[in-house]
Amino acid sequence: MEKITLTKEMVLQTLQNNFGNIFSNIEEPYGILTATVTKDKIIDILAFLNKHEILQFQMLTDLCAVHFPERDKKFQIVYHVHSLSNNFRLRLKVDLDGDPPKIPTATIVYATANWMERETYDFYGVIFEGHPNLKRILNIDDMVIFPMRKEYPLEDNTRTDKDDRMFGREPNPLFKPLI
Amino acid sequence: MSTTASNITIEKAPAGIEGAGFFATGFDKVIGMARKNSIWPLPFATSCCGIEFMATMASTYDLGRFGSERLSFSPRQADLLMVMGTIAKKMGPVLKQVYEQMAEPRWVIAVGACASSGGIFDSYSVLQGIDQIIPVDVYVPGCPPRPEQIIDGLLRVQDLVANESLRRRNSPEYKALLASYGIK
Amino acid sequence: MSNPTHKHIKLEGELEKETNTINIGPTHPATHGVFQNIMEMDGERILSADTTVGYIHRAFEKIAEHRPYYQITPLTDRLNYCSAPINNMGWHTTVEKLAGIKLPKRVEYLRVIIMELARIADHLVCNSVLGVDTGAFTGFLYVFQEREKIYEIWEDICGSRLTTNIGRVGGFEREWPNSSFEKLDKFLAGFPKVFKEFENLFNRNRIFIERTAGVGSISADRALNYGFTGPNLRATGVDYDIRAMYPYSSYEEFDFKVPVGKRGDTYDRFLVRNEEVWQSISIIKQALEKIAKEPAGVFHADVPEYYLPPKEEVYHNMEALIYHFKIVMGEVPIPKGEVYHSVEGGNGELGFYLISDGGRCPYRLHFRRPCFIYYQAFEEMVKGELLSDAIVTLSSMNIIAGELDG
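Quick note, the sequences are listed as chains A, B and C, same order. All residue numbers for the first sequence refer to my numbering, where the first residue is 4 and numbers rise by one. All residue numbers for the second sequence refer to my numbering, where the first residue is 16 and numbers rise by one. All residue numbers for the third sequence refer to my numbering, where the first residue is 6 and numbers rise by one.
Okay, chain A solo, but in the shape it has when bound (with noise of 0.2 angstroms):
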């Protein structure tokens, strides 16, 4: 078969006669298709783009995830895939409400998901439905909260010998100053 060069407007279009027209918010930041899918379709989408012989998105790149409090849909799930034959990169994102927000594994299309999808776990809180093992992998082990979600500090709040006033805080009642 000849090699021929894979165009963003082939990939939209293979991708819209197979599913319809559910891609929303299709932008081209920096050279890389963005689209915006619902979180009943992306496995299906994720594994349709991972078989298909021409197209053949072997990689799964990245999969993170973004906090918008402001927002409806707080959370939005982004993955990055990759088709190293063709040179073609491509971003999928998924906008989630709901606490905690639930999508489907990637982990059945992409084993590299595993991990991706426990850091996500750990950092934001997002639950993978099907993941063989979803508990938290860097932090420790009996934290509670999310903490790359916005509202939680970055600082350790049971410090006792920082002085406030010189980061322009307010004064830290268990910390006594020295002068």
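Hints in this document: simulated from the structure, not taken from any laboratory.
Partial list, computed: chain A residues near chain C (C-beta under 10 angstroms): (1) Ile-35; (2) Thr-37; (3) Leu-63; (4) His-70; (5) Val-81; (6) His-85; (7) Arg-92; (8) Asn-117; (9) Asp-125; (10) Arg-139; (11) Asn-142; (12) Pro-150; (13) Lys-153; (14) Leu-157.
Below, simulated DSS-like cross-link-like pairs (lysine-lysine); rule was C-alpha separation at most 25 angstroms, straight line: (15) Lys-67/C <-> Lys-96/A; (16) Lys-77/A <-> Lys-67/C; (17) Lys-44/A <-> Lys-77/A; (18) Lys-188/C <-> Lys-198/C; (19) Lys-153/A <-> Lys-341/C; (20) Lys-154/C <-> Lys-191/C; (21) Lys-96/A <-> Lys-102/C; (22) Lys-105/A <-> Lys-67/C; (23) Lys-201/C <-> Lys-290/C; (24) Lys-290/C <-> Lys-191/C; (25) Lys-341/C <-> Lys-96/A; (26) Lys-290/C <-> Lys-262/C.
Just so it is clear, CB atoms sit at the ideal spot from N, CA and C, and this is done for glycine as well.
Start from chain A and add chains B and C according to the hints.
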């Protein structure tokens, strides 16, 4: 042949009585000298400072010159716990367990900014200094410290080792220090 | 299971079905970094390996949401700390892509030199430590001497040996001193001979080949499904190199080969890394020739809103003063948007997914860390192997704890 070898000085002998064929000094001085020149370190290398430690052990900077040639990864056989790198809160209990398994006499050197005080990682998951869980003897600042600084830290530990009383472990101050960390 | 020398004795019952659970790590001399493996063993064979990571989780992504763009460079240093300059350049190229900054050619060639030196340094550590794990300590000592020379070159340019924070958004912080070019020439003259000696110690060494050939292999399909990139993927036969497929920083003008292996085992990974070191040496030589043709003294792009003006101008010139104030306060005009950019790190595709809301800190910064992604496959690679093979496999995958946990 180079004639500028005069930077190398001979170590001063401890105070004692010298005679023909003998040298008499106190036990603690001899034992201190023997101890300080044969410290066996336990390299607890977690991150970037560990790579600088590897450079210190390699031939250019050679930590083995100071008697620390034999690294011991088993805490039971080690004298000096060299904590090099960031200690996260998940790693804290592991570090404490390793420290508790070390036999007396033992010393701890915190290499790098992360081990001394948390370094640039002022976040929820990093222990802000290992002296929150174990007592530390020498702190070596730097991010990462140069090998010369690590060697300097080891030399300061050697000063402590040479001058330490042989039964430090029974002294009330030491016991109070360990009790404040909850270490038996 | 019968004992071969005493064929009349038969062992049966619980004795042959018992498995052991052993714990390797998190502090262990053979694991280069802090990660834990709880292995179920049947004698010396591994039945399963349960990995635990996160013992050095430093919350880079959370810290990055609270720091201005130029303060994130020291954070990226600490990802893959054996080749810190590549991470720095990756971050700078990401921000430059977002802000639309174009660099002069000389700056890009200088960046290529720095990145290839970092790649050499990373592969030297990985391969020499693989030698140490199989019991050959000499290669480690030879190679660390050469790493010291690379450290001296970096120290001349930026002041630091290991965690370099080299470069700024828009170029380099100062012109490279002449001593750094002299040291680079001396390094290029002396290093190939030492590396040839290192290769002679290992490449055809009977013991090394028996320890590493056929050990810890993975097929190309499984590797792609697991998201492998870098030398680990190239050892299985897939020639995926970001420098060739999505060239950044003028890599398209350089002539280099991408080495691939055949079986994806430990020996192939070792050989692929060795060959990449030779290719890096050739790229550095080409870059030096190209720099000689460019106008001298250019070390940054002309972007005063992102790049600090020289200090003398700040004292005399009003615009320079304003730009200096704004940049230091973090008020750089980074446009809103999202960008994904990746560079070929020592371990593969190091990706930066940056979402900016136009403010002084990123809204979201996600690092696509290759070590984290391919370490998942470790259990599959060592199932059924001996324990000592598992240690050698772990070492050849070049797991850097900083990049694993991030």
